[in-house]
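Novice: Here the protein sequences come in this chain order: A, B, C and D.
Using full-length UniProt numbering, the final residue of the first sequence is 331, and nothing's skipped along the way.
Using full-length UniProt numbering, the final residue of the second sequence is 331, and nothing's skipped along the way.
Using full-length UniProt numbering, the final residue of the third sequence is 331, and nothing's skipped along the way.
Using full-length UniProt numbering, the final residue of the fourth sequence is 331, and nothing's skipped along the way.
No lab work stands behind these hints, which were simulated from the structure alone.
There's no promise every hint is true.
The list cannot tell twin chains apart, which means a pair is met if one copy fits it or any two copies do.
Unchecked claim - Straight-line C-alpha distance at most 35 Å; calculated DSBU-like pairs for lysine-lysine:
1. LYS226 - LYS79
2. LYS8 - LYS28
3. LYS8 - LYS263
4. LYS113 - LYS292
5. LYS7 - LYS226
4 protein chains.
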Amino acid sequence: MAEFPTKKCGVLGCTGSVGQRFILLLSKHPYLKLHALGASARSAGKKYKDAVSGLDSDVAGDIETEFQNAGLAVFSNSKNHRQDPTVPLVIPTVNLNHLDLIPHQRKLRSSDKGLLVCNSNCAVVGVAVPFAALQAAFGPIDFASVVTMQAVSGAGYPGVSSMDIMDNVVPFISGEEDKLETEARKILGTMTTDGTAFEEQSALRISAACNRVGVMDGHTACVALKFMRQPPPSAEECIEALRNYTSEANALGCPSAPNPPIKVFDEPDRPQPRLDRDLESGYTVSVGRVRKDDGGIFDLKFVSLSHNTVIGAAGGSIVNAEAAILKGYIQ
Amino acid sequence: MAEFPTKKCGVLGCTGSVGQRFILLLSKHPYLKLHALGASARSAGKKYKDAVSGLDSDVAGDIETEFQNAGLAVFSNSKNHRQDPTVPLVIPTVNLNHLDLIPHQRKLRSSDKGLLVCNSNCAVVGVAVPFAALQAAFGPIDFASVVTMQAVSGAGYPGVSSMDIMDNVVPFISGEEDKLETEARKILGTMTTDGTAFEEQSALRISAACNRVGVMDGHTACVALKFMRQPPPSAEECIEALRNYTSEANALGCPSAPNPPIKVFDEPDRPQPRLDRDLESGYTVSVGRVRKDDGGIFDLKFVSLSHNTVIGAAGGSIVNAEAAILKGYIQ
Amino acid sequence: MAEFPTKKCGVLGCTGSVGQRFILLLSKHPYLKLHALGASARSAGKKYKDAVSGLDSDVAGDIETEFQNAGLAVFSNSKNHRQDPTVPLVIPTVNLNHLDLIPHQRKLRSSDKGLLVCNSNCAVVGVAVPFAALQAAFGPIDFASVVTMQAVSGAGYPGVSSMDIMDNVVPFISGEEDKLETEARKILGTMTTDGTAFEEQSALRISAACNRVGVMDGHTACVALKFMRQPPPSAEECIEALRNYTSEANALGCPSAPNPPIKVFDEPDRPQPRLDRDLESGYTVSVGRVRKDDGGIFDLKFVSLSHNTVIGAAGGSIVNAEAAILKGYIQ
Amino acid sequence: MAEFPTKKCGVLGCTGSVGQRFILLLSKHPYLKLHALGASARSAGKKYKDAVSGLDSDVAGDIETEFQNAGLAVFSNSKNHRQDPTVPLVIPTVNLNHLDLIPHQRKLRSSDKGLLVCNSNCAVVGVAVPFAALQAAFGPIDFASVVTMQAVSGAGYPGVSSMDIMDNVVPFISGEEDKLETEARKILGTMTTDGTAFEEQSALRISAACNRVGVMDGHTACVALKFMRQPPPSAEECIEALRNYTSEANALGCPSAPNPPIKVFDEPDRPQPRLDRDLESGYTVSVGRVRKDDGGIFDLKFVSLSHNTVIGAAGGSIVNAEAAILKGYIQ
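Hey, can you work out the whole structure from these sequences and the hints?
Specialist: Listed below in structure tokens is the structure:
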């Protein structure tokens, strides 16, 4: 395996909660060295505590394009370009092959160095990673029901008021269910062989309900699904497939790639966010209660847990960047 | 409407969390007067604080039978007799007609005064009440997915350790998913015309996942369902049916019957347990986010909220008792 | 006792958390009828959810003066005029006699109808009410140590971010310790016999430390104090004095005056905010663990609990208004 | 510095919350190797989850004595022997010199290898460590007021019910205030020059109030104190003394000794348990808001924070054991 080169990097929108996680992860990174921080005009001239905020999504898109045009490699956590057909939407333990659209993206934008890659919405990760493992083993999933219980850090800082979440559940997160349904189809889709387009897994139907709960970090999801293949694989076969799953991030040698990408629990009451969100520094997705659906509607049910600001945001983009370096897209 | 008579009553298992709720509700009741308290041998001779506990389910069943044989009317929150084919399992805003099996029950047990009626598991209520409203209007539900986020008081006192639930979700409650699936079928079923047997709604399939969250009172459920009737009613028609639903408890004039039995919210982020669990003193079930399933798997999705120790436990039995009095089963 | 007249009233700053409490309390009030609502320019044209905020303290002072000059009776929860020597700073179960400076205030401002009365900072109430009872019985307190554990609603809405308080304590509330120390001296002070000036209890020394904890409503305080009188009263005598305390609000017949103003608990682990904050609808201050200081530094120690948005804010002003009506200052 | 030898060790009472912390810390320890686990009879034959509990304090004392008599070095977290005049009560960053009573202890018990050393109650640590630093620089403290806000893990597992602490404060912890006051005097005391007795700092008066709050780990204390020396040192001088404090644990080269033993924060709102409890793996005590008492009762006020199951329990005993090895008391 080639030695990993040292690279300089910067964080734009550094005062937000994901920006802070980027800084924390990069401060410990063996090869990526933090050299620049940027924040929105909104934060300028304010005391730090008043400036804590992510990059406004109404300006993030344009700024990212400008940076790309200036020849920089941009790995974005904002939602602006996620549905752009020329921008890879990548979870590093699912679809690093989507990075191979970068040459085509450069040709379209007449750029020989810049690139733009998005990571997914934080709630998608807990679904897409186990789905990737199951589909690799047993073919396409037909439909799925996903009910999430999401951490407050997913709403940024200050985000959720303590008066709204203490002794409470908020059964609604604006825009989240739609993102979960649409982003999963792009991430789990394929690329055309000429490397110029993505083909979504458009037959995959997902019915999502997203809730906010009083948890600091870690999104929990109750998932139920039906396979196209009938009769379906048994729960035991599914556990085996989840446990044996490896991702291209491991094969490439990404320094931050989790091993394993999926941890499967046998205990009936796991995973739990406080106990399990920091597995492999938050890069591993945990899965438990993998079982047949006794209700007879679905083939399989399980619980998944993912750290929403690590593998679900900053950490996802860091492994994406590592992979882009190892694939030679960043010189 | 006949005047409601004053009756004496007692609470057995009075030191548990549901027992405490019974006492609280009865202390304010206009007609039911608390005259006796009983606790398990386990609690005898202990300081109160050490004795807080429900009746052991391994003795509750026998004790209830003895009381019934002694000619008393027993309304039980324990699980022992819920699946007994000669015992009504009743949510008062759903199936008070099941009380009409009492004459048959008495004949079987050669008793002319005693009776035994169970209320349901607390998690069933948030599903069975809106299902009753929808099925009354649109015919049988084919299948449903239910994911609950349940309050800690549902586990009794001391119940859930603070170390297990703070900043956490526990995605498992022992036995709960099974109870939810099987009790719903009995409660939503019918009675034979001769009043001697229940006929379960055996075609109803429910796939449940039950979670414990850091909420004091109030079980929240994300529900998705498909009707037998195709094409199904629209979301607007379902909202109308939920909003217009009335129960036999209202028609009978039960003093504690909630009006309305179901409150439908239009706000996108309601119901919420802290804000809405005490509607109509905890006897109303709240429903919100009633919408079509864009995922295409189900016909309808909604969120429901029910107060687990009021309509889901002690309060349910109190209205059951009121109805038994009004129906003439208690002299 | 004279019959209480019906009066129209309005709430300025109605979108804040205290404003909301005002509206809630007034909506149930038997005599005060809510006729007008006002909010800051900042809130104008915004959706309600974006406008939730109190009146900016940098404009509240001027606005209050304008309303007073227009002949209105203003009862204020803002801090602007609390230290004004011509403005009564009143906790209704402590110093309603301070309202008798109103004629002098009117003379100074050449107004024959307007008036301005402030309620105290929410953290002062849990100290000043028991101190009033003890000083009435045993003479002046020499010095006291007060450590508070304050609810998040005291910071307004959205106020404290869930990310700051979950699984946490914040041992600092800006400006709070100073307010507690200075406001107590004015409230517990006397009025000159000619009704033109307040005389602070300047010899009273208070050492305060204020903390924010993860509680929705209800400020808890650990209090220790030394009397001027030596030897001091016993703990039993102090309990008696606290329990027997009555306030002018009761004597006047204020409809919302709590009875008793102070509830003394004998249980060793009470009061607790979740269990006891709503006593007498939140107007009663609870006191417990009244005991001698075994450490030998103070004479007496106790725990107090007060509902910060009822007796500590909106409710305090409502009883102040009731008293002003009953005293004839509002026609 | 001599190389640290590798030693075998065991944990008795291994199923309790402190026992679990012992196992966690020892599993990562470079030299102490875990070879044996013991639990109470109460735990025998139970499933692990039912057996989680500390050693009953009514048997712990006798068992410890038996182990000591068998020639083992016993480092105890139980309260039984803490006040025994022949047993060192040691916080490793305060009074490791108390270990030098071990030869005398052995002589009394006719043992040439066994020894028994206790660590302190978890709430004492946040007081005794800064007091040691201040007294080393400025001479004895005359009196102090201490109000704690203690984490739920301090009550063991399952310990505090979620129903008791959610949205709540419990202003009472049985026996805790007394322990805080009496243990501090022994720990901060001296040893006679012949190494046969401890002399308590009996002139030190402490007035304590202990509260339980909804925090997982980390006890926060609001401390106010008066020095014997008058005029007292300034707040700046105290900050300097706290910051420069080093302990014998560092000088000896204990592998787990924190460096620094005390972290002083300049930020006005720190330390906070969630943010700061894990400093130096939980072995450092954090101090903030070091300031003059404007109330004029005390000389100095500050906030302290200590990790109750690390430096306040298991971690304390581990450093005690390291020191006993380095001092040659364990061969």
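Novice: Against each hint, give a clear statement of whether it holds in the structure.
Specialist: Going down the list of hints, with the structure as the test:
no.	hint	in the structure
1	LYS226 - LYS79	both (29 Å within a copy, 33 Å between copies)
2	LYS8 - LYS28	both (14 Å within a copy, 34 Å between copies)
3	LYS8 - LYS263	both (32 Å within a copy, 32 Å between copies)
4	LYS113 - LYS292	neither (49 Å within a copy, 46 Å between copies)
5	LYS7 - LYS226	neither (44 Å within a copy, 54 Å between copies)
The structure fails to meet hints 4, 5 from the earlier list, while all remaining hints are met.
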